[in-house]
Each structure stands twice: as C-alpha cells, then as structure tokens.
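From just these sequences and the hints, can you work out the full model?
The opening residue of the sequence shown carries number 49 in this note's numbering; numbering runs sequentially from there.
Rather than coming from a laboratory, the hints here were simulated on the basis of the structure. Please note: incorrect hints may appear among the correct ones.
Computed spacing ranges between beta-carbons, pair by pair [stated by the list, open to error]:
1) 100 to 120: 19 to 27 Å
2) 193 to 143: 19 to 27 Å
3) 155 to 263: 14 to 22 Å
4) 277 to 60: 30 to 38 Å
5) 267 to 188: 22 to 30 Å
6) 267 to 142: 32 to 40 Å
7) 92 to 167: 34 to 42 Å
8) 74 to 251: 32 to 40 Å
9) 190 to 60: 37 to 45 Å
10) 251 to 120: 20 to 28 Å
11) 244 to 74: 35 to 43 Å
12) 58 to 187: 33 to 41 Å
13) 74 to 53: 17 to 25 Å
14) 71 to 292: 18 to 26 Å
Restricting the straight-line Cα-Cα distance to at most 20 Å, the calculated cross-link-like pairs of lysine to any residue (SDA-like) are [to be verified]:
15) 144 to 170
16) 144 to 72
17) 144 to 132
18) 144 to 76
19) 144 to 167
20) 144 to 134
21) 144 to 165
22) 144 to 173
23) 144 to 63
24) 144 to 64
25) 144 to 70
26) 144 to 104
27) 144 to 161
28) 144 to 71
In this text, all values refer to a predicted model and were calculated from it rather than measured experimentally. For each residue, glycine too, the CB sits at the ideal point set by N, CA and C.
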Amino acid sequence: MMGVRIHRVNRETLLAWLGDALVGEACRFVANVNAHAMNLAWVRPSFRQALNCADLVFVDGYGVVLAARLLRLEIGERLTFADWMPDFLRVCATRKAALFFLGDTDEVGAAFAAWVRAHYPGIVWAGHHHGFFVRSGAENERVVAAINASGAQVLLVGMSMPIQEEWFVANRHRLPGVRVALMSGGYARIATGRIPRGPRWMTDHGLEWLYRFFQQPRYTWRRYWLGNPLFLMRAVAWRYFAVSPRD
49 MMGVRIHRVN
59 RETLLAWLGD
69 ALVGEACRFV
79 ANVNAHAMNL
89 AWVRPSFRQA
99 LNCADLVFVD
109 GYGVVLAARL
119 LRLEIGERLT
129 FADWMPDFLR
139 VCATRKAALF
149 FLGDTDEVGA
159 AFAAWVRAHY
169 PGIVWAGHHH
179 GFFVRSGAEN
189 ERVVAAINAS
199 GAQVLLVGMS
209 MPIQEEWFVA
219 NRHRLPGVRV
229 ALMSGGYARI
239 ATGRIPRGPR
249 WMTDHGLEWL
259 YRFFQQPRYT
269 WRRYWLGNPL
279 FLMRAVAWRY
289 FAVSPRD
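Structure, rendered in structure tokens:
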C-alpha cells in the first residue's frame with residue numbers, strides 16, 4: 049500500500065509468529081504503520097526502505113484500515129500495540145526471555161523497568177538506555193555494545209518514527225543475540241501511565257486519536273487534523289491516479 053509492504057495478520061497469528069521468533073535462529077524485525085507512518089514513508093524514502101526491510105509490518109492505526117476499506121484493499125486487522133503487547137510480555141515471562149528497552153528518558157526507562165518487573169516477574173530485565181544519544185560514531189558504538197553485553201533476546205526501540213526504524217535497520221547486523229526487535233514508540237509511557245489511553249468505546253471504534261488530541265492538543269493537532277486527511281488524499285492519488293511516493 050503506497051509503496052509499503054503490510055502483512056495480513058491478526059492477533060493470534062502475530063503472537064504465534066513472535067513466539068516462534070523468540071526461539072529462532074535469526075533476528076526478527078517487527079514494525080507497524082498508522083496514517084502518520086504512511087505520510088512519513090511517502091516523503092522519506094529512507095523510512096519507506098526501513099519499513100520494507102522489516103520481517104513483519106502490521107497495522108496500528110484506524111486511518112490505514114479505513115483507507116484500505118475505501119480503496120478495496122485487503123490488509124490485516126488493526127493491532128494496537130498497547131492491546132496485544134501484554135500478551136507477548138506474558139510469553140516472554142513464561143520463557144524467561146531477556147528484554148532491553150532503548151528509548152525515551154532514563155526516568156521513563158527506569159519506571160518501565162519497574163513496571164515490567166512488577167507485572168511480568170519471569171522476564172529477565174536486561175537493561176535500558178535513553179534514546180537521546182548520537183546515533184553514529186563512538187556513542188552509538190557504546191549503545192550497541194551495551195545491548196550485546198546485556199544478553200537481550202527482545203529489544204524494544206522507543207525513539208519515535210522514523211528514528212527508531214532507521215536506527216535499527218542501520219544496526220541490525222551488529223545485534224546477533226537479539227531475536228525479536230519491536231518498534232515500540234511511546235508504549236513505555238502508556239504502560240507506566242504517563243500517556244492515558246482513551247475509554248474502551250473510543251479505542252474499539254477507532255477514536256483513540258481524538259482522545260489523544262484532547263489530552264495533548266498542541267502536540268497532536270498537526271498530525272491528526274492535517275496528517276489524517278493528507279494521508280487519505282495520498283492514498284486515493286496512489287490508488288486511482290498512479291501517483292507514487294517520493295524517490
């Protein structure tokens with residue numbers, strides 16, 4: 049869709065796939081897309097290429113589901129990260145998997161570590177590192193070395209789009225012990241209560257974006273009120289007028 053490969057998966061198949069990846073031989077890179085991601089991929093070839101390097105890309109945004117319906121495209125169901133991630137963490141706990149979190153601030157990382165230990169004691173907390181580092185040179189080398197030394201099997205990268213995806217693709221070959229890499233965005237803040245989720249009736253009907261707008265209007269207005277219509281226009285132009293994303 050619009051130059052991005054999206055896989056048709058549901059919750060059960062995603063969790064089964066991740067469970068198999070935990071005991072596999074290679075590192076599996078999992079990404080997700082919403083309207084914001086599709087807009088970024090449309091104008092940023094490096095991000096689009098990073099998404100297409102992923103082993104699995106799922107839909108995490110009602111806007112993409114809506115566009116697919118309007119354009120009569122078949123894609124997977126909407127899988128909001130915060131909905132299925134607890135199930136995957138339970139799988140990790142059962143298998144005593146080691147988890148490393150890369151992203152956000154040290155304060156959020158420490159709070160997320162405490163939350164994981166409290167709710168999923170079977171998980172081995174491998175460590176965390178803030179996301180505000182120079183992503184090249186000696187500082188990047190230290191971060192990669194820290195992840196490798198931690199023995200992490202699961203890596204959550206929460207540095208926002210497109211930074212997290214592009215960083216991982218650039219460093220994937222240097223993380224031999226990681227089996228599952230998830231681009232987690234702001235999940236650590238959601239899990240620790242720093243970003244509240246909307247009521248169930250809103251999240252179930254594709255209105256969580258509206259709840260977030262009212263919670264953080266200055267931060268989200270451009271993404272939602274300008275970005276969502278722009279995405280739909282681009283999707284129509286791609287489908288019916290052969291308009292291609294930027295090279």
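Cross-check of the supplied hints:
no. : hint                   : in the structure
1   : 100 to 120: 19 to 27 Å : 23 Å, holds
2   : 193 to 143: 19 to 27 Å : 25 Å, holds
3   : 155 to 263: 14 to 22 Å : 20 Å, holds
4   : 277 to 60: 30 to 38 Å  : 33 Å, holds
5   : 267 to 188: 22 to 30 Å : 27 Å, holds
6   : 267 to 142: 32 to 40 Å : 37 Å, holds
7   : 92 to 167: 34 to 42 Å  : 36 Å, holds
8   : 74 to 251: 32 to 40 Å  : 34 Å, holds
9   : 190 to 60: 37 to 45 Å  : 39 Å, holds
10  : 251 to 120: 20 to 28 Å : 26 Å, holds
11  : 244 to 74: 35 to 43 Å  : 37 Å, holds
12  : 58 to 187: 33 to 41 Å  : 40 Å, holds
13  : 74 to 53: 17 to 25 Å   : 18 Å, holds
14  : 71 to 292: 18 to 26 Å  : 40 Å, violated
15  : 144 to 170             : 5 Å, holds
16  : 144 to 72              : 15 Å, holds
17  : 144 to 132             : 19 Å, holds
18  : 144 to 76              : 18 Å, holds
19  : 144 to 167             : 14 Å, holds
20  : 144 to 134             : 15 Å, holds
21  : 144 to 165             : 12 Å, holds
22  : 144 to 173             : 10 Å, holds
23  : 144 to 63              : 16 Å, holds
24  : 144 to 64              : 17 Å, holds
25  : 144 to 70              : 11 Å, holds
26  : 144 to 104             : 23 Å, violated
27  : 144 to 161             : 15 Å, holds
28  : 144 to 71              : 12 Å, holds
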